[in-house]
Amino acid sequence: AQKVTQAQTEISVVEKEDVTLDCVYETRDTTYYLFWYKQPPSGELVFLIRRNSFDEQNEISGRYSWNFQKSTSSFNFTITASQVVDSAVYFCALSRLSGGGADGLTFGKGTHLIIQP
Amino acid sequence: GAGVSQSPSNKVTEKGKDVELRCDPISGHTALYWYRQSLGQGLEFLIYFQGNSAPDKSGLPSDRFSAERTGGSVSTLTIQRTQQEDSAVYLCASSPPRLAHSRGTQYFGPGTRLLVL
Chain Z
72 AQKVTQAQTE ISVVEKEDVT LDCVYETRDT TYYLFWYKQP PSGELVFLIR
122 RNSFDEQNEI SGRYSWNFQK STSSFNFTIT ASQVVDSAVY FCALSRLSGG
172 GADGLTFGKG THLIIQP
Chain V
25 GAGVSQSPSN KVTEKGKDVE LRCDPISGHT ALYWYRQSLG QGLEFLIYFQ
75 GNSAPDKSGL PSDRFSAERT GGSVSTLTIQ RTQQEDSAVY LCASSPPRLA
125 HSRGTQYFGP GTRLLVL
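Read top to bottom, the protein sequences are chains Z and V. Position in the first sequence (from 1) plus 71 gives the number in our numbering. Position in the second sequence (from 1) plus 24 gives the number in our numbering.
Isolated chain V (complex conformation):
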């Protein structure tokens, strides 16, 4: 079946502009995660959605970052007033329901490469 998809693949924006990154999880997966990968910080967890529960936002670096998940499927990560240090690859992952054998295993999308000029 189809894997996790993310759009756009690449995004170039100017400092101060807002950006939206989209993630389509694997069909049937109930959990969705956002991470970012940068040279300086490595792979960092940002936010986690599990079904209809309140999201775990503990990894969001500032209040400029927010995410929502509509209808328990597609998710959008929004970065407001972008800064140059926001430049990174933003990765989305999804994992199967709790009763699945592979529950807890996260499958990653190809990422969105964000460059803030």
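Okay, chain Z solo, but in the shape it has when bound:
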């Protein structure tokens, strides 16, 4: 069975601070995908990043960066110089690869990030 744990239920920081959202996963599969999604107050899930299990290279996109460590089964997400618009619920998710793509996602419970002005 697959499991995703986001231990931080809620994080509150002041604007311009850096913040890291933790994600730990469990799977018996050797190949899988990891994802981060953002859910702003409007409610729609917005795709941020997909990482393949065989690619441990860290990724940076603007103020966002992701640290994938297979040895600790973690896929952490850092926002540098946070902004009020970053306020949202962030979900980490995992899926097994299947012949045509990927199976359904297993989500963590989400981390509610509050950026105070």
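Hint data in this document are derived by calculation from the structure and do not stem from the laboratory. Since this is a predicted model, take the numbers as computed values, not measurements. Mixed in with the good hints, there may be bad ones.
Using 30 Å as the maximum straight-line C-alpha spacing, the simulated DSBU-like pairs for lysine-lysine come out as follows [stated by the list, open to error]:
| hint | chain 1 | residue 1 | chain 2 | residue 2 |
| --- | --- | --- | --- | --- |
| 1 | Z | K141 | Z | K74 |
| 2 | Z | K180 | V | K35 |
| 3 | V | K41 | V | K81 |
| 4 | V | K39 | Z | K180 |
| 5 | Z | K180 | V | K81 |
| 6 | Z | K109 | Z | K74 |
| 7 | Z | K109 | V | K81 |
| 8 | Z | K74 | V | K81 |
| 9 | V | K35 | Z | K109 |
Mind docking chain V on chain Z? Use the hints.
Relative to chain Z, chain V alone:
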């Protein structure tokens, strides 16, 4: 291009009635997924369609839930004899074909908010 669309946006029904929720995936996407999001259970996978293959129904919570996908495109999720615990946001997602660079990445629609009275 157009994203995933879902209808209706909101649905209020009485306990015991049947409801149908519709999803139009992104054009060209071969995989389609249904999830539900509720306060108590978080984000749960329900069912997954990949091309013409038999769907993965492993996430359906009871036999009151069913889904079909016609012509490899539009999907309908049907809940029979609705119960109050079925109240949730039902989300649909689609992902590109297996040979696409972004295969396995799921793009979500805005959801249908279902309230069972």
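Item checked: Numbers of unmet hints, in rising order -> none
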